[in-house]
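K.L.:
Spelled out, the chains give:
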Amino acid sequence: MRPLDHTRLAPGIHPMTTAVRFSGVSRHFGPVKAVDEVDLAIEPGEFFAMLGPSGSGKTTCLRLIGGFEQPTAGTIEVFGQHVEGVPPYRRAVNTVFQDYALFPHMSVIDNVAYGLMIRGIRKVERRALAAEMLDLVRLSGYGDRRPAQLSGGQRQRVALARALVNEPKVLLLDEPLGALDLKLRGEMQTELKALQARLGITFVFVTHDQTEALAMADRVAVFNAGKVVQVGPPEEIYERPRTRFVADFVGGANVLEPPIAARLGLPAGLYALRAEKLTVTAAAAAPGGVHAVVTDVDYQGATRRYRLALDGASLAAVAPASAPAFEAGDPVALSVAPGAAARLEG
Amino acid sequence: MASGLAAPTRPIGLRGRLSDLLLSRPGVLVLVLLAPPLLWLGVVFVGSLVALLAQSFFSIDEFTGLVVREFTLRTYGELFAPANFDIIRRSVLMAAAVTLASALLAFPIAWYAARYARGRLKAAFYLAVMLPLWSSYLVRIYAWKLILAKEGVVTYAAEATGLMPLVDAILAVPGLGGPSFSVSTYGTFIVFVYLWVPFMILPLQAALERVPRSVLEASADLGGDPRATFRHVVLPLALPGFAAGSIFTFSLTLGDYIVPQIVGTSTYYLGQVVYVQQGVAGNIPLAAAFSVVPIVIMGAYLMIARRMGAFDAM
Amino acid sequence: MRSLSRPTAVVAVAALLSHSVVPVAIAQEPLQAIGDGEGEVSIVAWPGYIERGETDKAYDWVTSFEAETGCKVTVKTAGTSDEMVALMNEGGFDLVTASGDASLRLIAGKTVQPINTALIPSWSKVDERLKAAPWHTVGGVHYGVPYQWGSNVLMYSTDVFPTPPTSWNVVFEPMDLPDGKPNQGRVQAFDGPIYIADAALYLMTHKPDLGIKDPYELTEAQYKEALTLLREQRKIVHRYWHDAFIQIDDFTNEGVVASSSWPFQVNILKSQGKPIASTVPAEGATGWADTTMMHADAPHPNCAYKWMEHSISPKVQGDLAAWFGSVPSNLEACTGNALLGEEGCKINGLDNFEKIRFWRTPVAKCATQEACVPYYKWVTDYIAVLGGR
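Residue numbers (this note's numbering), protein chains in the order written: chain A, 1 to 346; chain B, 1 to 314; chain C, 1 to 389.
Bound conformation, chain A alone:
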């Protein structure tokens, strides 16, 4: 975990209190257990990602924090206060919605000033504050426009400003980059991260994109079927997946069944092995090695991605483009560096 700069925290927030704590939280929709006995602790000032495929319960968890859902069981605390039964408009958290949910009938500045207006802040004052916030998200001068006149990225930043102007204790972001194109997504990733570092507010964001989660978050919680399957810093999630699901979902590692693991010279057990950790050499160069056959090759610029057949199992390997190239049908020898494979729980 990266060191947190607690001096930047908003006044009144005690650094010792956990920002968001889930204790045995479940949310059932009829027979569907959308969230199933989740325990979580999100620290103040943290950039926390909830990662998982659709339907894994991550968005429901976010909505539970926001107050749009109420838990079927368990308790949720936000900075030490129980929030079960507290409606969204009485929670010190704000949300950036997946579709931004800007008010189409208001100008950008009025959108941003909405929360301040509700709090009864005078027009002049709230407009000044909103304009400041628009500066922060680099949208000065756009205040009089309507949301419909903005691009996707701009709308996203308005939504961000609209949430941040309220100085929330926790900012919730629901797939904030999902609707943006690839290039914009990269820019926004950097921007969001810088913003978070500058404001020191706890960010909780939901995504199904593992690269996004890994790139931005201080810690990642991986969701599957309503449960949190692993929580940890990105490196740990990536390098040391604990389950077959995490290994597969985060970065698409090879999951080595025990017989294959044995063939590759690993102790008995189930392993995750990242494709770039599987070394491919010419079969002729290593007559005693583990032999496999190339079934498919993808040239990817800096690397080549191989699909290999080994004893009926299919493995992926990535080799630098500078390494000797193989073609489909070529026999190759495989090797795994010591400590490169991660033992899975099952």
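Take the hints with a grain of salt, since some may be wrong.
Claimed, not checked - Here are some chain C residues pointing at chain B (derived, C-beta under 8 Å): (1) Pro182; (2) Asp191; (3) Arg239; (4) Glu254; (5) Gly255; (6) Gly387; (7) Gly388.
Said to hold, decoys possible - Negatives, chain B to chain C, calculated, CB over 12 Å: (8) Val44; (9) Ala54; (10) Ala103.
Keep in mind that the hints were calculated from the coordinates and are not lab data. Think of the CB as a built atom: it goes at the ideal place given N, C-alpha and C, for glycine as much as any other residue.
Using the hints provided, position chains B and C relative to the given structure of chain A.
P.N.:
Structure of chains B and C alone, referenced to chain A:
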């Protein structure tokens, strides 16, 4: 086609040529498709409107009662005679009251249909709203006359529940009351609201359906309690629906000449006076001038609605 | 008047009615002989006036006519006199059953043609009182065949009035009715400007100083008095009626006990066993007399003449009188008609003729006064009365 020329493909028929032309010049196709409705609009609709306007600038000869085909504003002046102005004021007030009541009545129904009803329930909703429109307008008005009659359902229910003094008190209100609901301004109002409320529900429901749930959640998220969310988000976003619906309820009430004949105090409304002036009295100029009134009122109404931002969210 | 040549008469009528300077064309000659039927005849009529047994099998005076003459009858019903005038102006029809407030307009507008009474054998049987009635005979020229007539009656509840009311005052002036309760909210008046004539008729008896000679010919001063009376009446009127069935409903469900009405409503309410009766009070009453008139450009003149003859046959006249609650124009109908009964003509008001002022369109240039208030003013002012002004 000369026989000497090589014909690589089979000859293209007239129909083929036509489709080629339409395909290569989409403008022609649009013109062909739009010509009949445009002609209809231009000649029949605008034409009759212009004829109407022209009539309103004529006048009727005081002595002979014949139409004088000379330009004058005298007929318009007559609109401001106290009795005529009464009719205009009465009609506008009624239309406004009906519109307001329809909006209040329609909103919860439209809200429910837009936000909660799904599948079969939604189909049932549409059916319930539209069903009255399938039966005869006249039959429904007569049915209301019976419901509201002195010896009708309302009186019966009031007597059974001991509310008769209340009914009597309501009917004693000067200007609105009368011997019974069916012979009072209330009756006219109730029947109008009944008739036109579907025309308010449907556009309102369409407008509310276009409001994403996330926008309402965003308002709550930003601190807006349900009342603030309603006032600052739902209402402004529903305004185009209100505007569309009110155009129906307002203009339909303004133009109707059947309801006040059957249920009400026998005082005239705009539609009736147009009908009577052109038919019974043969005073076509005054009838025309009277029928310009709703046009002007609706024009002003739309302008104000636009100013107030009713169409901003469109 | 007989010495007047026909075109001159028409000019005179036109001038009388409209005071217009529109040049008047020469009226066309009436038919001199009836030829073969054209196979059809189309008639604009009041609802219920031309029945072919579709409502009630017993009331059918079309089928036999079609069988005898081969003229197929098509009927276009019209609800108001104005609608009739409009339809006739459009053209394409042969005949119209016009009331007095439409007939003179049609004559003046040359929409209808003079008829040759010699071609109608039953003409001689027409009630003498109707033969030269001013609403269809202008300058001695007959513009139609009288069809039926009737009077507006005072309909009342026998529960409230043990003896028939003798004056229209029960609907014109605030008072307590015989049952001890006020008449306010329990009486009705007709929703048509022509009702101003009813008020004028009432004033003829009750304010003779006004000098009203004809309720359809009112000077400005007389007219004002009539309006004043009507404004007072507004305060006690339950509803102004113009739809017969609404009035029937109001007498049934709304506690209305007295109103000007038509025999039609009275007969229906009586047939339903309601305690209803009617009378023509001492002041007399207004009424209507309808005439079958022929379009100037009638496409089927021969069939039209055949129908006019048929229309005044005793059978048709008697059946229609029974059906509509009206009085026949051929008095032979009053005896021996099964549907009408022996007393039918009397019940429907045969003896009231002298007491009845038949509907006419009020015109500016009137016979009994210097100048009269024209009909279009009646319309505007009556609307104002209804509006409480």
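K.L.:
What hint numbers does the structure not satisfy?
P.N.:
1
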